[in-house]
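Visitor: Sequence:
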Amino acid sequence: MAVESNAKQFSVNMIWIYSNTTNLSKDDFMPSDQLQMTLADTLNYFPILASRATEDTKGNVTMHLTNEGVLYTEAECPNQTLDYFIPQTFLDEGFDYEHINTSDLAVRIKTDWTGPCMSIQVTRLKCNSVILSISASHCLTDAESMSHFINTWASGKPPQKMPMFDKTFILYPTEQQQQQQRINSQTRPKDCVFNRNINPSSNTPFIQAQSQRVISKVYVFSIDELNNLKKEASKDISKSIDYISTYDALYAHMILVIAAATQTSLTDNIKILQSFNGRSNFVSCCSSTVLNYFGSFPFWLYDEIPSDREPTLSSLAELIHKMYSKQSEHTLREYNAYLMSGDGDINKNRVDADIINHDFHCVSWRKGNLLNANFDNSGFPIYSGPTNYLYPRYFPMMDTYARDGSINIVLGLREEDYKRMIQQNMLHKYR
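Just add 498 to the spot in the sequence shown (first one is 1) and you have the numbering used here.
Simulated from the structure, these hints should not be mistaken for lab results. Be aware that one or more of the hints could be misleading.
[Stated by the list, open to error] Quick list of the computed label-pair ranges, beta carbon to beta carbon:
id, residue 1, residue 2, range
1, R711, V781, 40 to 48 Å
2, R864, N577, 16 to 24 Å
3, S786, N886, 34 to 42 Å
4, T519, S823, 35 to 43 Å
5, R918, V781, 21 to 29 Å
6, H828, H926, 37 to 45 Å
7, N767, R929, 43 to 51 Å
8, G654, Q710, 43 to 51 Å
9, R929, E574, 38 to 46 Å
10, M535, F508, 25 to 33 Å
11, Q921, T787, 14 to 22 Å
[To be verified] Each computed DSS-like pair below joins lysine-lysine, with the alpha-carbon atoms no more than 27 Å apart:
id, residue 1, residue 2
12, K624, K688
13, K769, K917
14, K846, K556
15, K820, K688
16, K688, K556
17, K927, K728
18, K524, K624
19, K729, K769
20, K769, K927
21, K624, K665
22, K846, K659
23, K665, K846
24, K728, K824
25, K524, K729
26, K865, K715
27, K927, K865
28, K769, K824
Think of the CB as a built atom: it goes at the ideal place given N, C-alpha and C, for glycine as much as any other residue.
Hey, can you work out the whole structure from these sequences and the hints?
Guide: As structure tokens, this is what we get:
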């Protein structure tokens with residue numbers, strides 16, 4: 499589908515850190531032969547990950563179920579313990595997430611489709627703790643699908659919910675509706691951040707950002723802090739909104755924090771972007787099996803902050819909430835159709851926003867069960883998140899810790915903006 503091929507320029511790069519708290523030997527803690535055997539079995543249920551891809555002249559990616567496998571690597575780091583990557587503390591959370599070190603953990607996949615579409619590395623440390631690194635093309639998987647895969651692999655059993663690969667549910671079901679879809683698809687949907695009529699430029703914000711130092715850190719928000727934030731954001735919402743979610747409130751808060759740190763005026767036609775998992779919108783018209791769709795199904799939505807007044811925590815949270823809550827199977831089908839409208843060239847889709855210097859973007863993995871992957875005696879991972887993080891302003895909101903309801907976010911800021919954020923002391927004002 500177009501929404502998947504449109505994500506081919508990006509990759510999903512994740513790590514899971516497992517602490518060997520019981521001091522087992524490397525033959526007993528997540529043993530190598532067991533990992534490889536269960537991985538091979540798991541790939542039988544997720545054959546698209548072991549496939550090979552080709553791309554046509556219009557940017558459409560086709561997966562060939564060749565069963566050639568994934569790239570699997572085992573590495574040893576005999577001179578470093580877990581503290582080198584994630585220092586322990588005496589605080590309640592037990593680890594200094596803010597100073598986590600992922601610089602040596604990223605694994606790569608080829609972007610020219612000449613090799614495996616997924617790469618996995620198992621790194622064993624001096625203390626026999628294990629760091630699992632996975633990279634995959636974003637057109638194959640999103641956070642929802644990655645969670646489905648990693649939890650199945652960790653269980654060593656067939657998936658509790660069988661993955662669904664049929665993509666036809668994104669299309670209108672009747673010929674008459676499909677004809678109407680082709681007519682409507684010429685017009686850019688209101689919430690679609692992609693624009694097919696922007697001329698390509700070699701001087702993109704992404705290229706500019708590479709030459710500037712970005713300080714990236716993990717920040718922990720406790721459940722009490724999140725509840726306080728949610729309560730504050732819910733004070734002045736309109737009667738048309740039933741509730742404000744934790745996601746709405748935290749994203750709105752981070753916009754205010756980042757705007758202050760970067761000296762961004764929020765009345766300067768600022769766009770708010772978010773990745774929306776559209777699976778649940780198709781349950782009513784299809785069936786609940788679409789919740790198990792395995793692929794990449796994030797719809798990149800946006801809206802503009804009204805420029806006639808200064809936004810508040812509540813107004814931002816309400817704007818964020820309305821953006822995704824008004825989506826339906828009809829709007830998402832229009833979105834997908836627009837991405838391949840006209841001559842069908844996927845390469846013409848360009849992000850109509852500057853998420854590096856001007857606008858805001860968040861992606862949420864909350865309640866994605868990425869922290870539930872327990873490999874027999876490994877226990878649950880003490881951390882899961884992206885391996886490399888290069889761009890300022892944009893931030894992932896990561897999975898919720900089951901033990902206490904806390905949430906990690908990863909935020910990168912240019913050095914001068916980072917220093918300003920620390921001085922302003924706004925980040926944890928609701929703690």
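Visitor: Taking the hints in turn, state whether each one holds.
Guide: Status of each hint after checking the structure:
1. Between R711 and V781 the beta carbon distance is about 45 Å. The supplied range of 40 to 48 Å therefore holds.
2. A C-beta distance of roughly 36 Å is found between R864 and N577, which places it outside the suggested range of 16 to 24 Å.
3. Hint check: S786 to N886, Cβ distance near 36 Å, so the stated range 34 to 42 Å holds.
4. Roughly 42 Å separates the CB atoms of T519 and S823, a value that falls within the hinted 35 to 43 Å.
5. Between R918 and V781 the C-beta distance comes to about 45 Å, which lies outside the given range of 21 to 29 Å.
6. The given range of 37 to 45 Å is respected by H828 and H926, whose C-beta atoms sit roughly 41 Å from each other.
7. Range check, N767 to R929: Cβ separation about 32 Å, and the 43 to 51 Å hint is violated.
8. The beta-carbon spacing between G654 and Q710, approximately 45 Å, falls within the hinted interval of 43 to 51 Å.
9. Look at R929 against E574: about 40 Å separates their beta carbons, and that is inside 38 to 46 Å.
10. Checked against the given bound of 25 to 33 Å, the beta carbons of M535 and F508, roughly 31 Å apart, stay inside it.
11. Checked against the hint of 14 to 22 Å, the pair Q921 and T787 fails, with Cβ atoms roughly 51 Å apart.
12. Of the pairs offered as hints, the one joining K624 and K688 is violated, with about 53 Å between alpha carbons and a cut-off of 27 Å exceeded.
13. Annotation: proposed proximity of K769 to K917 holds, straight-line Cα distance about 24 Å (limit 27 Å).
14. Between K846 and K556 the CA atoms are separated by roughly 9 Å; this keeps the pair inside 27 Å, and the hint holds.
15. Among the hinted pairs, K820 with K688 is consistent with the structure: their alpha-carbon atoms are about 13 Å apart, no more than 27 Å.
16. A distance of roughly 24 Å separates the Cα atoms of K688 and K556; the hinted pair therefore holds under the 27 Å criterion.
17. This hinted pair checks out: K927 and K728 have alpha carbons roughly 13 Å apart, not beyond 27 Å.
18. As the CA atoms of K524 and K624 are separated by approximately 10 Å, the hinted pair is consistent with the 27 Å bound.
19. Under the criterion of a C-alpha separation no larger than 27 Å, the hint pairing K729 with K769 is consistent with the structure, at around 25 Å.
20. Taken as a hint, the K769 and K927 pair is honoured in the structure, with Cα atoms around 24 Å apart against an allowance of 27 Å.
21. The straight-line distance between the Cα atoms of K624 and K665 is roughly 45 Å, outside the 27 Å bound, and the hint therefore fails.
22. Taking the CA atoms of K846 and K659, the gap is near 36 Å; set against the 27 Å cutoff, the hint is violated.
23. The straight-line distance between the Cα atoms of K665 and K846 is roughly 22 Å, inside the 27 Å bound, and the hint therefore holds.
24. Pair hint K728 plus K824 holds up; C-alpha atoms about 21 Å apart against a cutoff of 27 Å.
25. For the proposed pair K524 and K729, the alpha carbon gap of about 47 Å is over 27 Å, so the pair is violated.
26. With a C-alpha separation of about 21 Å, the suggested pairing of K865 with K715 holds against the 27 Å cut-off.
27. Using a Cα cut-off of 27 Å, the hinted pair K927 and K865 holds, with the two alpha carbons roughly 24 Å apart.
28. Under the criterion of a C-alpha separation no larger than 27 Å, the hint pairing K769 with K824 is consistent with the structure, at around 18 Å.
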